[in-house]
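**Q** Chain residues, written in single-letter form:
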Amino acid sequence: MKSFTYEKAQSPAEAAAAAARIPGARFIAGGTNLLDLMKLEVETPAHLIDVNGLALDRLEPLSDGGLRVGALVRNTDLAADARVRRDYPVLARALLAGASGQLRNKATTAGNLLQRTRCAYFYDTNQPCNKRVPGSGCSALEGLSRPLALIGVSRACIASHPSDMAVAMRLLDAGVETVKADGSRRLIPIADFHRLPGDTPQHESALAPGELVTAVSLPPPLGGKHYYRKVRDRASYAFALVSVAAILQPDGSGRVALGGVAPRPWRLESAEAALPLGARAVTEQLLAGATPTQQNAFKIPLVQRTLSAVLAEAQG
Amino acid sequence: MQASNIKLSRRELLVMSAASATMMAMPAVAGAQPASAGRARAPVNTPVALRVNGHLHELELDTRSSLLDVLRERLQLGGTKKGCDHGQCGACTVLVNGRRINACLTLAVMHQGDEITTIEGLGTPQRLHPLQAAFVRHDGYQCGYCTPGQICSAAGMLAEIEAGIPSHVSADLEARPLLSAAEIRERMSGNLCRCGAYANIVDAITDVAEGRA
Ligand code: FES
Ligand code: FES
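Here the protein sequences line up with chains E and A, keeping their order.
Quick note: the first sequence uses this note's numbering, first residue 1, plus one each step.
Quick note: the second sequence uses this note's numbering, first residue 317, plus one each step.
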């Protein structure tokens, strides 16, 4: 690990200003992803700004009936909150499907959204990777691509977004609240938060330099039946090969988002109109234009079958 | 080279074989490393006060020190084990303010003011913690390397069930979680056992959970 200087942040605005001012600065919250990457020198920050002391660890009701989730609310606490279990069960289910008990106790809401891909070549500093070293090439295109993405990808990068929680947040149309280095605040719709790789896979989010996530706001409860179905290589403590998050209403309408198939949580509102026609019709629209590799083409039928299982369960 | 001339500790041997395994898995490709990665930076030291098992330790630490390394190398609390050093095995599980975490994936400098409990603080050879006694009774280990992490994790896990926190296998998110084997297995999935003592580990934890220990 490269050495670094360390400070405890005093306020969100000061933290954002410091992060923009100090070269090589990074925020650290739970640290479960960042420290892993620092040990491998995939991440080499020169300065860490510890934001854990900022009072961003609360859940509070919003005036419109929604719920504001502080950026530092731990994954365990978010999944265990009575309001989340009752009104946003897809979010609780997605959180509980991810990582291990120990990691969920440490990982934060904002950190989960911002976690980096688990592509083996991103992790291996001996291999080319455009996300880690822009311009060096993508080893995964001709390499081990079974867990990786097949839609929203580019010739520069086929890394998949690893988060379960983010898929539920996208399904719910959450908003990401931030403070910028100049102290101004803004709300980024989750649909615009994660960027597709294009020619610059090193840029993964809409955040400006120094910009700090302070909360994620959930809309008023949507009702309906909530599902988060995750398919993985072992029954627990593994990343999704494919996951389907869905909220289905009694009248047959609903929402669907996918995990494990794209560089960001994958949802196309236009595909949801096809829900009454069944899983095949929805999958065809959701994954239209997909460019799978030989190794991950299995994910297309797997999405359809997983969605089919969810729809069957909803019909009881 | 004569085998009798080579005197390596078991630890050195393990380190060497791990390194060669990595090299074999992924041949190096020139030019893949960022130019900045090789630049040397001076170590940064900082004072840190850590409260471990009820004792306060005033230390001067490199900011890079993981909580795990400080427990083992500086405080000589070798009960907490290093398996993977990457949050994948759970051998390093300790309790921080009563909650289980991976000590390898957190910096010591981030734990000023926290109450840290390791396996040495949970019980002693004279006064075993009920989970320690149950692991002995049920043969919940073979080599024992994962055991301190399993026991700290189980202690944190039972507190999570007690607090009503659901899991991936809880059928009803809003009901009180059950103390079933399926729940215990799911909740302990962050603790690997290379010896495969899982069946006895579940039995030991079940005993304690049901108050038989
Ligand atoms: S050593 Fe910490 S999880 Fe393996
Ligand atoms: S007893 Fe050997 S690793 Fe678990």
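Careful, some of the hints might be misleading.
[As the list claims (entries may be wrong)] Computed list of lysine-lysine pairs in DSS-like fashion (alpha-carbon distance at most 27 Å, straight line):
(1) E:K8 <-> E:K180
(2) A:K398 <-> E:K39
(3) A:K398 <-> E:K2
(4) E:K8 <-> E:K39
(5) E:K2 <-> E:K39
[Said to hold, decoys possible] These stretches of chain A come out as covered by chain E in the derived footprint (C-beta under 8 Å, 3 or more residues):
(6) 358 to 369
(7) 378 to 388
(8) 401 to 407
(9) 410 to 421
(10) 463 to 477
(11) 482 to 493
FYI, nobody ran anything at the bench for these hints, they're computed from the structure.
The beta carbon of each residue, even a glycine, is placed where N, CA and C say it ideally should be.
**Q** Of the numbered hints stated earlier in the document, which are not met by this structure?
**A** none
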